[in-house]
Amino acid sequence: MAVTVQEAKVTWKRLPLSSNYAAAYAVKDLDVDVIAAYPITPQTTVVEKIAEFIANGELNAEMIHVESEHSALSATIAASAAGARAFTATASQGLELMHEILHIASGLRLPVVMSIATRALSAPISIWNDYSDLMNTRDTSWITLIASSAQEVYDSIVQAYRIAEDPEVMLPVMVAYDGYLMSHTYEPVLVPEDNKPILDYAPKNYNRIKLDPERPISMGTLTGPEWYYEFKYQQVVAMKKALEKARKADEEFKARFGRGYGLIETFNVEDADVVIVAYGGLYGTVIEAIEPLVEKGVKVGAMRLRLWRPFPVEDVKKALGNAKLVTVIDKAISYGARIAGPVALEVMSSFYHDEAKPMIMSVIAGIGQRRITEDTIREIVDYSFKVLGRGRAPEESLYWGVRGVRYE
Amino acid sequence: MAAEEKLPAWNEIPPGGIIIEPGNAEERYTGDWRVFRPVINQDKCIRCLLCWVYCPDSVFHIVDEEYVTSKGRKYSFSLKIDYDHCKGCGICVEECPVNAIDFVEEVK
Amino acid sequence: MRFEIRWHGRGGQGAVTAAMILAEAAIFEGKYAQAFPEFGAERRGAPVRAYTRVSDKPILTRAPITRPDVVVVLDSSLPKELYLAGLKEGGLILVNTKKTAGEFAESTGIDTSKYRLYTVDATRIALEILGVPIVNTAMVGALVKVLPIVSLENVEKAIMETFPGRLGEKNVKAVRAAYEAVAAESVVAR
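Residue numbers (this note's numbering), protein chains in the order written: chain V, 1 to 408; chain L, 1 to 108; chain P, 1 to 190.
There may be inaccurate statements among the hints.
When the alpha-carbon atoms are kept at most 25 Å apart in a straight line, the in silico SDA-like pairs for lysine to any residue are as follows [what the hints assert, rightly or not]:
| id | chain 1 | residue 1 | chain 2 | residue 2 |
| --- | --- | --- | --- | --- |
| 1 | V | Lys-296 | P | Lys-88 |
| 2 | V | Lys-254 | P | Leu-60 |
| 3 | P | Lys-57 | V | Lys-196 |
| 4 | L | Lys-87 | V | Gly-220 |
| 5 | P | Lys-57 | V | Glu-288 |
| 6 | V | Lys-49 | V | Tyr-229 |
| 7 | V | Lys-241 | L | Lys-87 |
| 8 | L | Lys-6 | V | Lys-296 |
| 9 | V | Lys-232 | L | Lys-87 |
These are computed hints drawn from the structure, not numbers from a lab. Model, not experiment: these values are computed from the prediction.
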C-alpha cells in the first residue's frame, strides 16, 4: 500500500481518505459489532465504506438496514443494550429525526458512538455545512467531540469508545466534523496496518449491565417523580467525570500512538490581545489566516474547542484569560437569543464569576456554508481590533457576511 | 416527605433506571387500589383460562385443586386470584365468556 | 512550497475525480495534499469546480482556492472569466482543446504575457482509449507533465486504486498518452 511510518510499536499506512472514510476505518479497526444507519448527505459514504468492509470480510459486523434515522439509532441502542459495540452515523435532518432517541441512548447509559458530518437544517433546504444540527443536540447528554481533520476523526472515534465504555462514564459519544468541507475532502490519514493496538487501547467492555436471557433485567422503565431526578443527576455526575476521562483518553492515546489533541487547542494565545475561537475545520483556515499577521507582529491568537460537551471551562479560561478580546465564531444560530452563538454563550458563562475577564464578541459565520476564506477571517480580526479600541464588545451577535448587513 | 427521605440516594441505585433484579413488581402491594373485587364463581367457571390470558397483572394462579361442580362436572384444577396484586381493573369480568366472575364492591 | 490547483469542468467530465487522483498521487509520494469539490447538487453539464492543494508541509486551511497557481480547464467552452478568476500572475493554464496554445490564446484573448498556457486534446485521447469523453485522467497526465509535482508512477497508482482492473489500465493508458501529447502539442507562449 502506501508509505509506512513507524511510530511506537504500530505500523501505520498513510492513505488518502476523506473524513467520512476515516470514520469508517475507525469503525473497522475498533471491531464494531453492529452498525445501523440511514443514508443522508453528506454522511452517506461513511456507511457505504463500512458496508464495503463487511462485504470484503474486513469487518465482521451486523449491518442493519432501517427505514429512518429514528430507527437507525433505535436499532443501535438495542444492539448496545444487548452488549454489542454499536455505531451509527448521520447529519442534519437525520440527526433531528433521531432527537428523541438521543435522550434515550444517554438516559439508558448506553455507550453508543455516532459520527456526524454536520450540515445546515431545512427549511429552506441546504445540503451544505454548518453546525445547526449538532448544536441542537447540546442538552441530550451526549459527550460531543468536534474534529478538525480526517486524522482527528479517526483518532477521536477510537477515543470515543474508550470514553463511552468507561464504567464511570457509560454515556454515548458523538464525533462531529464539517460536512463536505471535511466529509468529502481527501487528505493523508495514518491508519494502522493491524488493528490490535487500537483494540488494546479501546478494549470492548462486554462486562457491563446488558440484556441477557440468562440474567434478566428491565430497561426503559417508567419512573415516578420520586425516582426520575436521581437518574438525571447520575448523568450530571457522569458528564462531569467524562471531562477528565476524555482528557486521559487523549493523553494515553498520545502516549501510545504519538498523536494527541487535548480538549482544546491553542495558537499564540499567550501573546495575543485578540483571540479567535473556532471549532471544526474552520480552525485550520483561522490559523493560516492569522499566521502571517502574527509574523508581522499583530497580537492575535486562536483557540479551537474540541470537546463541546462536557464543556472544558477551566481549559478555556486558562487559554483565553490573557486576551483582551475574545471573538467566538459560531456556525449555528440560537434564534431569539441576543448572543446567538452557542459556543460564545458558553465561553461568556465560563467567565461570568470572574472580576478580570476578556471582552467577548460573538460572530455568526459560515451559515449554510457561506464561504469563509482567510480574507474573511482577517476582516473579522480587523474588526475585533476596532472593537478592542472602542473598549466595548457588541451586546448582540454579529451576523458576518449577510447581504444588506454591515458593521461599522 | 418522610417516606421519600427513606428512598436510596442517587448513587445507591443502578444507572439509567435499569431494574437489575427481575420480577420485582411482586414486591409492590397494589391490593388496596381496588374499588371492586373480582370473585371467581368456581361452579360457573369452565376453566377456559381467558381471565389468565387477559389479566394485565398476572394475578390468576392455576392451583392443583380438584373441583366438582353442582352438575357433577369434574375439573382437575382451580383458579385463584392474588388479591395482593389485583388492582380491580375488571378486565377479567368483562372477558369471562360465562359470567363466572362477580365484581363485588370492596368494604373499605 | 505549496501548489493550489483549481479544476474547471462540466458535470460528468470527472473534474472532482481528477482533483482527488492528483491529491492521492501526492499523498502516495509522501507529500501533503488536499482535494475537495465545490460542492453543489451536481448535474451533468453544469459547471463544476474542484480543488487540489499539494504541499511539503501540512495543509490546515479548508477555504476554497480563490488565488490558484494553476487552473485546469476540462471543457474549453467554459467562459474564461470563470477559470481566470484570481489566477496568480505567471500562473499556469492547462486547457482541453483541439487548438494549439497559440490558437487558443488568440481565440479567447487570454494574455499569454501574464500566464503560461498549455493545451492538450484530451477529448480525442479519451475517446480513442476509453471510448467516452471523460477527460479527467488524461488531464491529470497532461498536468503532471507541465507541472511535475508528482511522479507519473504515483498518478498511475492512484488511478489503479480508484478504478481497479481493466478500467484502471485503460485510464493509465490515457494518462500516458496525454503526458506525451501535451509536450508535443502545446506551445509555451511567453
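Tested hints:
Using a Cα cut-off of 25 Å, the hinted pair V:Lys-296 and P:Lys-88 holds, with the two alpha carbons roughly 23 Å apart. Using a Cα cut-off of 25 Å, the hinted pair V:Lys-254 and P:Leu-60 holds, with the two alpha carbons roughly 20 Å apart. Between P:Lys-57 and V:Lys-196 the CA atoms are separated by roughly 30 Å; this puts the pair beyond 25 Å, and the hint is violated. As the CA atoms of L:Lys-87 and V:Gly-220 are separated by approximately 23 Å, the hinted pair is consistent with the 25 Å bound.
Pair hint P:Lys-57 plus V:Glu-288 holds up; C-alpha atoms about 12 Å apart against a cutoff of 25 Å. Distance restraint check for V:Lys-49 and V:Tyr-229: the Cα-Cα separation of roughly 41 Å exceeds the 25 Å cut-off, and the hinted pair is therefore not satisfied. As the CA atoms of V:Lys-241 and L:Lys-87 are separated by approximately 43 Å, the hinted pair breaks the 25 Å bound. At most 25 Å may separate the alpha-carbon atoms for a hinted pair to count; L:Lys-6 and V:Lys-296 exceed this at roughly 67 Å.
For the hint pairing V:Lys-232 with L:Lys-87, the CA-to-CA distance comes to about 30 Å; that exceeds 25 Å, so the pair is violated.
Of the numbered hints stated above, those contradicted by the structure are hints 3, 6, 7, 8 and 9, listed in ascending order.
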